[in-house]
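Student: Chains A and B are the protein sequences, given in the same order. Position 241, counted from 1, in the first sequence is what this note's numbering calls 242; the numbers after and before it change by one each time, with no gaps. Position 145, counted from 1, in the second sequence is what this note's numbering calls 147; the numbers after and before it change by one each time, with no gaps.
Hint data in this document are derived by calculation from the structure and do not stem from the laboratory. All residues carry an ideal CB built from backbone N, CA and C; glycine is no exception. Do not rely on the hints blindly, as some may be mistaken.
Lysine-lysine pairs mimicking DSS-like chemistry, simulated, CA-CA at most 27 angstroms apart [unchecked claim]:
(1) B:206 x A:272
(2) B:58 x A:105
(3) A:271 x B:105
(4) B:105 x A:272
(5) B:175 x B:78
(6) B:15 x A:272
(7) A:272 x B:78
(8) A:20 x B:99
(9) B:15 x B:64
(10) B:31 x B:175
(11) A:92 x B:125
(12) B:206 x B:15
(13) A:272 x B:64
(14) B:232 x B:249
(15) B:286 x B:249
(16) A:20 x A:175
(17) B:64 x A:105
(18) B:137 x A:92
(19) B:270 x B:284
(20) B:105 x A:20
(21) B:77 x A:92
(22) B:284 x B:241
(23) A:92 x B:111
(24) B:15 x A:271
Label-pair ranges, simulated between beta-carbon atoms [claimed, not checked]:
(25) A:271 x B:222: 47 to 55 angstroms
(26) B:117 x A:6: 28 to 36 angstroms
(27) A:244 x B:19: 56 to 64 angstroms
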Amino acid sequence: MVRLLQLELQKLLLNRTSKVLIFISFVLPFTVLILSSIKINFFGFFTLELGELGIYNFPIIWHITTFFASQFKFFFAIVVVSMIGNEYSNKTIKQNLIDGLSKKEFILSKFYTIVFFSLVATILLFLISLFIGLYYSSYTEINIIFRETEYLLGYFLKLVGFFSFCLFLGMLAKRSAFALAFLFVDYILEWIIFGLITWKGSYELAEKIQNFFPLKSMYNLIKQPVQRIVMSKFPDKTEIAYDYALHWYELVIVMGWTAIFVFLSYRLLKKRDL
Amino acid sequence: MEPILTINNLTKKFGYLTAVSDLSFTINKGNVYGILGPNGSGKSTTLGIVLNVVNKTSGDFKWFDGSITTHDALKKVGAIIENPNFYPYMSGYDNLKLVCRIKGVDFSKIDGKLEIVGLTERKNSKFSNYSLGMKQRLAIASALLNDPMILILDEPTNGLDPQGIHQIRQIIKDIANQGTTILLASHLLDEVEKVCTHVVVLRKGVKLYSGRVDEMISSYGFFELKTDKKDELLSILEKDETFGKIKVADGLITAFLNEPMEAATFNKLMFEKGITLSHLVKRKESLEEQFLQLTDNN
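Isolated chain A, as found in the complex (with noise of 0.2 angstroms):
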């Protein structure tokens, strides 16, 4: 296993642009999130700090910054396309075989390596998460700290499954510009069944079958928390109340999604001459 990652590793940090990628997908997130926990002062006019909204208490902090974060894993899945689609238009992907690499180890290699990036998002997420609050939550006990961290487990499966449809979209369209193009798609077709469903059944109906849909499994497990922060303002406005807790089912779809599209991925290159 750590032979296959660090073989991946090579490939992609001695390439300039993914390397710029990958640094983007990290730090741009991250630098946002701590400049936002700054106190900025608008040439004496007037002081912005979104920590006195309350958005950076424990543990709804947790719930805001993994949404946040996930907003920027588009940067990263442009590195997992262009990783498989590299490996095609440089015929690579022919040599590694022939060097004796199994056609398994080329697909867990890519997917090892899409675990290693999202772990390390996750753990940085956390520390700088934990640093925020700390420095500006109401209430800072043990353990409301640590209420709600399963916020964290749906940021890393997320960025797994979304990375793992990249993969096989990546395997299926052989180059990096298709494959984005593949995921759109996917989105738009997402959205047209639900508005099928909507127009020949019921509105609940469609809502129950697009949850099993990959993209919106995968945001499943972050619901946005615009509406929870006004909830948390005005108390008293039942009719916005919803469902922003992560339920275990959606992780389990996630999960299922991902050895889906892990799986496809070696098929589909298994059955392919090169």
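Once you've looked at the hints, dock chain B against the given chain A.
Tutor: Leaving out everything else, chain B in the frame of chain A:
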């Protein structure tokens, strides 16, 4: 003899096209094999199958004694297919490091192999800046990293300039002299003739011949003759059972042998019959002639 690669009834179909048809042959340790065939005869497909990048339709093959999986066997094989495929953004040295990681070879091997192919000075240049000849030499260095039991080369001199071709051939010869088994696929006959001891001839995916290069055609060679008494010589040759086909062109008589005969014996025979020869050469068909004969007849 120790078999390195055994192929049994291997078949590959691409839709309607049969690229390799019921192919069987064995590669034994210590010989230099050539796979000969015109373009599109199934050479690269055959190599692709045994190298784990093309899926076979039917038949089977085994590496060594068949006790290890193909991808593990490939760690003991060195192979280059058509164009050298490396990561363009990495240096030559880093590319070899990657191959070491795949094959499970120590990095300390790299420098020695770069020395063999003469790339030591350029090892830190990016692969994308290499000339085609250098790329091909890097590919050979990469194939040698694990001190392979067998070296497989597919058209190794394709697209190179004469100097590059010469360099590559010299490297191949040096490797062969050290006793490494080599399998060389090529459509260049003189290339195969110069380095191979055994040959497999393919055409349209069908095996036409496999065996020693010098036994490719059951032929005892031919005499090229010139004399003043041409008609007398021709009538003698036609009566003699030893000779088969006889050709006359520009005063040069070519007589093909049906059974072995030395030039000295023939000369003596003619002298006894009162014919003096002004030109007598015994030759065997060149590989090119044999190859064309084989691929035309079948």
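Student: Look at each hint and say if it fits the structure.
Tutor: How the hints compare with the structure:
Straight-line distance between C-alpha atoms of residue 206 (chain B) and residue 272 (chain A) comes to about 24 angstroms, which keeps the hinted pair within the 27 angstroms bound. For the proposed pair residue 58 (chain B) and residue 105 (chain A), the alpha carbon gap of about 18 angstroms is at most 27 angstroms, so the pair holds. Restraint check for residue 271 (chain A) and residue 105 (chain B): the C-alpha separation of about 20 angstroms stays at or below 27 angstroms, so the hint holds. Of the supplied pair hints, the one linking residue 105 (chain B) and residue 272 (chain A) holds, its CA atoms being roughly 24 angstroms apart against a limit of 27 angstroms.
In summary, the hint linking residue 175 (chain B) to residue 78 (chain B) is supported, as the alpha carbons are separated by about 20 angstroms, within the 27 angstroms threshold. The hinted pair formed by residue 15 (chain B) and residue 272 (chain A) meets the criterion: a straight-line CA distance of about 14 angstroms does not exceed 27 angstroms. In summary, the hint linking residue 272 (chain A) to residue 78 (chain B) is supported, as the alpha carbons are separated by about 25 angstroms, within the 27 angstroms threshold. A hinted pair counts as satisfied when its Cα atoms are at most 27 angstroms apart, and residue 20 (chain A) with residue 99 (chain B) qualifies at roughly 19 angstroms.
Straight-line distance between C-alpha atoms of residue 15 (chain B) and residue 64 (chain B) comes to about 20 angstroms, which keeps the hinted pair within the 27 angstroms bound. A threshold of 27 angstroms between alpha carbons decides the hint, and for residue 31 (chain B) with residue 175 (chain B) the separation of about 16 angstroms falls inside it, so the pair holds. Distance check on the hinted pair: residue 92 (chain A) and residue 125 (chain B) sit about 21 angstroms apart at the alpha-carbon level, within 27 angstroms; holds. Of the pairs offered as hints, the one joining residue 206 (chain B) and residue 15 (chain B) holds, with about 12 angstroms between alpha carbons and a cut-off of 27 angstroms not exceeded.
Of the pairs offered as hints, the one joining residue 272 (chain A) and residue 64 (chain B) holds, with about 20 angstroms between alpha carbons and a cut-off of 27 angstroms not exceeded. Only pairs whose Cα atoms come within 27 angstroms are accepted, and residue 232 (chain B) paired with residue 249 (chain B) is accepted, the gap being roughly 12 angstroms. Between residue 286 (chain B) and residue 249 (chain B) the alpha-carbon distance is near 15 angstroms, which keeps this suggested pair within the 27 angstroms criterion. Our distance criterion of 27 angstroms between C-alpha atoms is met by residue 20 (chain A) and residue 175 (chain A), whose separation comes to about 21 angstroms.
Of the supplied pair hints, the one linking residue 64 (chain B) and residue 105 (chain A) holds, its CA atoms being roughly 20 angstroms apart against a limit of 27 angstroms. For the suggested pair residue 137 (chain B) and residue 92 (chain A), the alpha carbons sit about 14 angstroms apart, so the restraint of at most 27 angstroms is met. Proximity of residue 270 (chain B) to residue 284 (chain B) is assessed by CA-CA distance (about 14 angstroms); at most 27 angstroms being required, the pair is judged to hold. Straight-line distance between C-alpha atoms of residue 105 (chain B) and residue 20 (chain A) comes to about 25 angstroms, which keeps the hinted pair within the 27 angstroms bound.
Restraint check for residue 77 (chain B) and residue 92 (chain A): satisfied, since their Cα atoms lie roughly 19 angstroms apart, inside the 27 angstroms limit. Under the criterion of a C-alpha separation no larger than 27 angstroms, the hint pairing residue 284 (chain B) with residue 241 (chain B) is consistent with the structure, at around 20 angstroms. In summary, the hint linking residue 92 (chain A) to residue 111 (chain B) is supported, as the alpha carbons are separated by about 25 angstroms, within the 27 angstroms threshold. Distance restraint check for residue 15 (chain B) and residue 271 (chain A): the Cα-Cα separation of roughly 17 angstroms lies within the 27 angstroms cut-off, and the hinted pair is therefore satisfied.
For the hinted restraint 47 to 55 angstroms between residue 271 (chain A) and residue 222 (chain B), the CB-CB distance of approximately 51 angstroms keeps it satisfied. Checked against the given bound of 28 to 36 angstroms, the beta carbons of residue 117 (chain B) and residue 6 (chain A), roughly 31 angstroms apart, stay inside it. Taking 56 to 64 angstroms as the suggested C-beta distance range, the pair residue 244 (chain A) and residue 19 (chain B) conforms, at roughly 58 angstroms.
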